[in-house]
Structures are given as structure tokens and as C-alpha cells.
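Visitor: Sequence:
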Amino acid sequence: MKILEKDPPLAQDCKRPWILVSLLYPLSHTGLMHVAMYMFCPTLLILSYRILFSQLPIGVVIYIVVFTLFIGYGIYYISFCVFDSTKSHTKARKIPEIYFPDKSELVYQYLLIFGSAAICFFPAVIYYIFFLQIDYIFWILSGCGLFFFPMALLSAILFDGINELSPIFIGVSIFKSFFGYLKLCLFFFTVAGFILFISICGIFPGFIIHGLTFYLLMVLANRLGWFYWWHREKLGWRI
4 MKILEKDPPL AQDCKRPWIL VSLLYPLSHT GLMHVAMYMF CPTLLILSYR ILFSQLPIGV
64 VIYIVVFTLF IGYGIYYISF CVFDSTKSHT KARKIPEIYF PDKSELVYQY LLIFGSAAIC
124 FFPAVIYYIF FLQIDYIFWI LSGCGLFFFP MALLSAILFD GINELSPIFI GVSIFKSFFG
184 YLKLCLFFFT VAGFILFISI CGIFPGFIIH GLTFYLLMVL ANRLGWFYWW HREKLGWRI
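In the numbering used here, the protein residues as written are 4 to 242.
The hints are simulated quantities; they were obtained by calculation from the structure and are not laboratory data. Mixed in with the good hints there might be a few duds.
[Claimed, not checked] Only pairs whose alpha carbons sit at most 25 Å apart, straight line, appear in this in silico DSS-like list of lysine-lysine: (1) Lys237 to Lys179; (2) Lys237 to Lys90; (3) Lys186 to Lys106; (4) Lys179 to Lys90; (5) Lys237 to Lys106; (6) Lys237 to Lys97.
[Stated by the list, open to error] Now the in silico label distances, taken between C-beta atoms and shown as ranges: (7) Thr33 to Ser202: 23 to 31 Å; (8) Leu59 to Phe172: 26 to 34 Å; (9) Phe141 to Gln58: 24 to 32 Å; (10) Ile49 to Ile137: 28 to 36 Å; (11) Phe172 to Ala195: 17 to 25 Å; (12) Phe125 to Ile61: 33 to 41 Å; (13) Leu135 to Gln58: 25 to 33 Å; (14) Thr33 to Phe207: 37 to 45 Å; (15) Gly239 to Arg53: 25 to 33 Å; (16) Ser202 to Arg53: 16 to 24 Å; (17) Val68 to Pro20: 28 to 36 Å; (18) Leu48 to Phe117: 45 to 53 Å; (19) Leu59 to Leu114: 25 to 33 Å; (20) Ile54 to Glu236: 51 to 59 Å.
What you are looking at is a predicted structure, and each value in this text was computed from that prediction instead of being measured. Glycine is no exception: its CB is placed at the ideal position from the N, C-alpha and C atoms.
All chains should be modelled from the sequences, with the hints used to inform the complete structure.
Guide: Pasting the structure below:
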């Protein structure tokens, strides 16, 4: 999913506080439809497995394929929200027909996001595999991976590949937009920490957690896309 326009048609500069813009981003007809879909459909899929798929000879395979495509579409839509927000849009939109994915594109986007995360956390994983320790070195490596992850994710989505995920490219991009990137990381990890908190504590029913998680992922996607919009000249990615 690449930005096709050299100079995309941009909305007017946002005059509202950026945090308010991002929190309100999913509150469109399309955005709320996606939140509702990811709030209720996981439970429906699990029920359908217990009632229908589990009775079929290859029911487990069918269920895994359907669930994988369902999650893949969610990842693709979040990626589209990042892409769309780079054009300074402030409301979640439906995916235009030109960008609507087929099965292979859903799987590719799934692997793309997983790949960007794997590259960032590869040192910490390798350290644990070799030393089987969760010590201060492991946490330092994990912290570095977390710090690099938002920029790596943005790069993977906008370049539609992992070719630009070298540590040098990511490091230079962070340096060019350092103070803005620190603000992005603070917001990114605060929201991600809240998602982790509600998931672990179980203070809400499962379907509420699913819907709220997807809502907040859309918020993060908007913030990530707007970060590129504000710093595109500094980054100089030419996409």
C-alpha cells in the first residue's frame, strides 16, 4: 500500500489539539462499523467453531483460515488508516476500491507488520534464546526495540515492504524528527500500555476489550500517519 500521489490532496491543517483529533478519528460511520465488527465478530467466530466447524472433518482448518483472514483484514484496515492519515484526514474512511485487498494482500500485510516487529525485537529474542535470562540486558534490548518500532512500522506500511527497515535508515529517520518522534513514542506507548492493562486486568467483558482495542489501534494509526504528514519534509522519504 504505497502513496501513489506525488503531492496528495491534503485537508486543511488541523486547528484542534492533536490528541483530540486522534481520539475522535474512529468516530465516523465507517470507523464505528469496523469497531463494532471487531467487537462482536471474534465471539461469533468462536461460537460458530463450537457449533459448526468442530463437527466438520476439516473444521479446524476452515476455522483457522477464516480467523486468519479476519485478523488480516483488521491489520490491513489499520495500515490503511495510517496511509490515509498521511494525507491529513481526520476521520476514518472506507477503503477505496483501488486499495481493497484480496486474500494474498491480507496475508502479505499480516507478514509485513509481523516482520517489522520481528526486526525490532530480534536482538532481545536472540539474547533470550542464547542465555535464557530476562535481565537488564534483555530489557535494554527490548526497550530499544520498542523505541524503534513506531518508525519501523510507519516505514513498512508506507514503503509497502521491509527493504527500508535497516537500522541505519530507521536511526537516521528518528534523528531527523527526534523531538516529534519522542512525543509520538510517548503517546504510542501510553495507549499501548492502556490496551495491555485492560487486557490483563479483565475489568471489561471480552467483547468490550476487543472493540476498545480496535478503537485505540485506529487512534494510534491516525497519530502515526499524522506524524509523517507533519515531518514529511524532514524525513525526505520521497514517497
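Visitor: Which hints, by number, does the structure contradict?
Guide: Of the numbered hints given earlier, those the structure breaks are 3, 5, 6, 8, 9, 13, 14, 15, 17, 18, listed in rising order.
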